[in-house]
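Colleague: Here are the chains, one letter per residue:
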Amino acid sequence: MQLFFGITYLLFFAGVVIASLFIVFHLSRYSLNRRLAAGMTSLFVIVTAILLWSNSALFFSLPLETLLLPVNF
Amino acid sequence: MPNHDFSRYHFQGQRESEIVLRVVHRHWFDIATHFFVVVLFVAALFGSLSIIPLLHPDALGSEMFRFVLFIQNSLILLIWLYAFLVWIDYFFDVWIITNERVINIEQKGLFVRTVSELKFSRIQDVTSEVSGMIPTMLNFGDVKVQTASEEDYFLFRRVPDPYHVKDLIMERLRTERDDEINRIVEATQRGEKFRSAA
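Read top to bottom, the protein sequences are chains A and B.
Each residue of the first sequence is one higher than the one before, starting from 141 at the first, in the numbering used here.
Each residue of the second sequence is one higher than the one before, starting from -9 at the first, in the numbering used here.
Chain A on its own, in the form it takes in the complex (with noise of 0.2 Å):
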């Protein structure tokens, strides 16, 4: 179950920056203004780092083996 839970999170991470690289992709290459598509290039990839990485940080943290108890089989 916990590998299944692992497998699970992989995907939905690879997803998420998957979608995040075609933002940036067309931030930066269709902006006809460059000083803008910088700015929100560089915000949308600072946030989404800032959350992906304590998204990472809690799942990791998550006790799987204690909440998954009444489901392990």
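What the hints contain is simulated information worked out from the structure, not anything from laboratory work.
It cannot be assumed that every hint is accurate.
Unchecked claim - Examples of chain B residues toward chain A, derived with CB under 8 Å: (1) H0; (2) F1; (3) V13; (4) E53; (5) F57; (6) F60; (7) N63; (8) S64; (9) L67; (10) W70; (11) L71; (12) F74; (13) I78; (14) V84; (15) L100.
Every value quoted in this text rests on a predicted model; they were computed, and no experiment measured them.
Using N, Cα and C, we set each Cβ at its ideal position, and we do this for glycine too.
Chain A is fixed; fit chain B onto it per the hints.
Modeller: Positioned in the frame of chain A, the structure of chain B alone reads:
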């Protein structure tokens, strides 16, 4: 409408002699409705984080509270991505008026982007429309640019100050036609000089 320097805007396919006169995005009210939902959701998430310790003081530090934090963090991450997708859909939907043509760039999601252009010489008619209480109060509406073909037209949807956009296009259209008339007159005069020289 305050004067804004659009000369520092550049787009793909812009020619060397081409000058950007105006870049038009949809009115902020259009995106505000999407972001209102985002703000409500985020407020609900943070509100629940404040309420849980009040209702269950023992919950702080417990394993279940950490799990709730993880879920909420994941939701905030997804909302953050959603907010930027909405922003991209709004900000990259743009109409560019240059001294040579009108360009319509439509961004639909991340993977569909349509670019179409209309030269001033093909424009027959420009109509602006503001309809409804909120558009009237906030001064936003549609501008329809009609070509000679009934089926071909550009539609500036929910843009701010549509009357000014219409006036800008009409002014550019008059300049284009005056230039065309001058070119024809000069060509005619050159032709007459050639015949008289012969």
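Colleague: Hint by hint, note whether the structure agrees.
Modeller: Checked hints:
no. : hint : result
1   : H0   : holds, 7 Å
2   : F1   : holds, 6 Å
3   : V13  : holds, 6 Å
4   : E53  : holds, 5 Å
5   : F57  : holds, 6 Å
6   : F60  : holds, 4 Å
7   : N63  : holds, 5 Å
8   : S64  : holds, 6 Å
9   : L67  : holds, 5 Å
10  : W70  : holds, 6 Å
11  : L71  : holds, 5 Å
12  : F74  : holds, 5 Å
13  : I78  : holds, 5 Å
14  : V84  : holds, 7 Å
15  : L100 : holds, 5 Å
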